[in-house]
Amino acid sequence: MSKYVPTIGIECHVQLCTKTKLFSEVDNDARGKEPNSCVSPVDYALPGMLPRLNGEAIRFAILAGRAMNCEINALSRFDRKHYFYPDSPKGYQITQFYQPIIGSGYVELPSGTKIRIEHAHLEGDAGKLTHFDGYSLVDLNRVDTPLIEIVSMPDIHSAKDAHDYCKELWRLMCYAGVTYGDLYNGNMRFDVNTSLAPEGSKKLGVRTEVKNLNSFRSVERAVEYEIKRQTKVLDSGEKVVQQTLGWSDTTGKTTPQRSKEVAADYRYMPEPDLPPIHLSAEFIEAESAKLPLMPSDYRERFKSVIAEDIMEALLDYPTLMQKLGEINEQYVKNVSNWFASVLLAEEKSAEYLNDLPSAKDLNELAEMNEKKELSSTATKEVFLRLFDPQMKGRGAKNIAKELGLIQENDLGALEKIVDAVLAKPETQKAQEDFKAGQEKVLGFLVGQVMKESRGKANPSAVSEILRNKLTK
Amino acid sequence: MKTANKTVTAERLVRDALEKAEHFRDYNIFTYINKTGAIQKAREIDAKIARGEKVGRLAGVPYALKDNFLSPEGETTASAHILERFTSPVTATVVAKLEAEGAIMIGRTNLDAFAHGSSTENSYYGPTLNAFDQERVAGGSSGGSAVAVALDIVEFATGTDTGGSIRQPASFNGVYGLKPTYGCNSRYGVVAMASSTDCIGFFTKSPDDMDLLMSIASGRDPKDMTTLPDYYNNTKSGARLGDSRLAPARPSLRGSGAQSAPVVANVHETPTRRIGVIKDFDNKSVDSEIRNALKRKCETLKKKGYEIVELEMPALKYALAAYYIIVPAEVASNLSRYDGVRYGFRSDKSKDLDSLYENTRNEGFMPENKRRIMIGNFVLSSGFYDAYFLKAAKARTLILQEYEKAFEQVDYILTPVSPSPAFKLGEKANDPVAMYLEDIMSVSLNLAGVPGLAVPAGKTKAGLPIGLQLVGPRRSDKQLIEFAKELD
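For the protein sequence lines, the chains are A and B, in the order given. Sequence positions in the first sequence follow this note's numbering and run 1 to 472. Sequence positions in the second sequence follow this note's numbering and run 1001 to 1488.
Below, computed lysine to aspartate or glutamate pairings styled on EDC-like, alpha-carbon distance capped at 20 angstroms: (1) A:Lys-81 / B:Asp-1386; (2) A:Lys-429 / A:Glu-439; (3) B:Lys-1223 / A:Glu-25; (4) B:Lys-1223 / A:Asp-27.
Taking CB as the label site, the calculated pair distances span: (5) B:Ala-1387 / A:Tyr-180: 39 to 47 angstroms; (6) B:Pro-1367 / A:Arg-217: 50 to 58 angstroms; (7) B:Glu-1358 / A:Phe-132: 16 to 24 angstroms; (8) B:Phe-1378 / A:Asp-133: 34 to 42 angstroms; (9) A:Ser-111 / B:Pro-1222: 47 to 55 angstroms; (10) B:Lys-1370 / A:Lys-33: 37 to 45 angstroms; (11) A:Phe-132 / B:Arg-1057: 51 to 59 angstroms; (12) B:Asp-1386 / A:Arg-116: 22 to 30 angstroms; (13) B:Lys-1370 / A:Ser-111: 55 to 63 angstroms; (14) B:Lys-1370 / A:Pro-292: 50 to 58 angstroms; (15) B:Pro-1432 / A:Asp-249: 49 to 57 angstroms; (16) B:Lys-1370 / A:Glu-199: 49 to 57 angstroms.
Honestly, the hints are just simulated from the structure, not real lab data. These numbers were taken from a predicted model, which means no experiment stands behind them. Glycine included, C-beta positions come from ideal geometry on N, C-alpha and C.
Work the whole structure out from these sequences, hints included.
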């Protein structure tokens, strides 16, 4: 199997979460809205209508570009790409064919592999068709939602890297704040080109393109499948047919969509209704400066504190990483563990992510935990209460007090409780057993002390005192 | 411009116009008569006048609207079958500005379907007849608008000029017709022909009327990103030509704010104004009566102290070829939206999506529309783009530079509008190239984005109007209109 080297290039469409559409002043957020309710005469291409460029989309493109370490072009233009289909009311898509706004750059995978970006450009999305028996319905809500199409160089050579690249792109776009990043609803879609060439060959093989993948897992599976399928084709002495394929998650297979033999001629033409976009160096600089910290920044910053697997799990949630950035350095390890092991396991974690406790509360909680004022169980309990709308804002310490979870660390007070327990007749047998060498009954005695203290005693301190008293 | 007042009411003006429109029905000027709407609006204005309220600068002035301007009044058909029964929910910016000043649209005028043509013979509703000879064409594409003004039905009419569609019918019918600087007037709400050359302008009986309309219609429109910052009303009366020629052709996101400064700087120190005539246009393909009319005007100007300069502009000979590549490409693109899916005509013979497109477009477009769509798609197709479209774009740059160079030597250029006066109906209808040659003197202005004003210049022996074309640098529209008075 290893005699072929796969080469993979990926095109990714990212829907931008601008307030209005790319070329009109209509609401760009059609989630949960009636079909064709977010459509202006410009979008449905009434005669005489002209596109008006959305400045926010330009600013988002700069952020997206900078997130991928890309050059931002001082001059870019729009072009028309023609095709007839009811999802395209104008009969053409406004895109950037000749001079895109985002130039070359790279994306670094968690493994350290760099995938180069060829370019990325702005364009308008198409509408949506739903097919029924004998007729189809057209919904133009999505028409001219701003997209950036990110075109990678063919730098990817495994299904795993394809997966990681898509995931990293998704993270970058979410961190940059330019998309809602909802993959299920198509906020990001991937077209994956795969070809195989014999090991050592300098020429690339014939490629196939799997269109419209909307999860990292399906990207990985589709590439795996294509590598296997193409290997089989080549092994049998046949040639791979250059074609566009669809992917089914259910069957786990790719199937041909349309043959490139009748390649569409899009008759590209400069868009005469939109002037060129001139961006000054100062403007690009000022907008780029708004880019928040990226995953790679957090990896670098926390690499000695947070374990790699926990880091990668947390990196999927930009709000968590931003919050960790505000936590006192000595507590980051603990707080990141609570985020990873407690929060992400919660059923409501998705809701919680957008409304995290303050850094002050988390620092306070971490401090109590470190001073052993809270047991690890109690710490988790207080941690979750910090998300509770009823409790929120009262402060970690107050919540711990209200719940009576603060541990008794005062040795004098603990000794008194221990003495009281040891004086109880029902502990006499256990005391004798321990003295006779039965180590495990210590746990029973600690439990009794904890019970007596109503859970506030610090168990390790208790066991220390008990041990001292019983071995005297 | 005769506006309404207490003695001559708006209703009177409107009823007169409607009566004249009815009287000249044979000329096939209108595709729609806005009788009820116009009278109602006139009464509203009269009520305002009676109450002593302020009315606009065009209060009660009846006008004719070329039928490719969108407004909810009547159907906007662009004289094309494919837009039959299309009622627009939006109003073109220029229409809104005129109506805000009290102008009253009494009817929509005939044109070559989608403004493709030079005779109005390509209209789905048949040709409009020349105001001076019913056997001859009105010119086009804005034929209906030109004749409506020439026959005094209305005081002004709107037009669109992509390659001569205002200037040529104006000259065929003896009225003033202005193609402004590209980007001076908003194209928003006007059925697009070729986006990079389309200009919105007017037909009037006098330069003063033209000036008034331009002061109302011009200016930056956020709905049209190719509009220039307002310069027309910042141009001082009597100002000399200025640094306008150095300004970029198109606004940019970066520079738009800085360009709004008034254009008044003097370039020429000498008091004598210099008028250019183009050597290449003085040849036998131009009707001798038109050439003589041009010479007579030059003599008049010399007597008034102007200097006449012969210009060599060799790049202009590529204008027609470049135009008939760039414009059809944009036409093919702009007409893609007429697919029978969302509005307008839809063929009922169709069984599936492909046949819906094919039948709708085949039945809905006129032969000339189809010819331009095919040329346009050909020159844009993969493998031909560089050879045709890109080369034409380069020729366009040369033409633009040639105009810039010319305006370093002269203030204005005076040329014929078309090689001949109005021709006979049917004379060129079956010869598309002969028809395209009609545009030979007008299209270079559209490619360069410079303004051109067609001015009446007498008549032929047979009594047909002759028109001359005044050309100025970009943004010299106001000076150009003022200078037209010198030609009288």
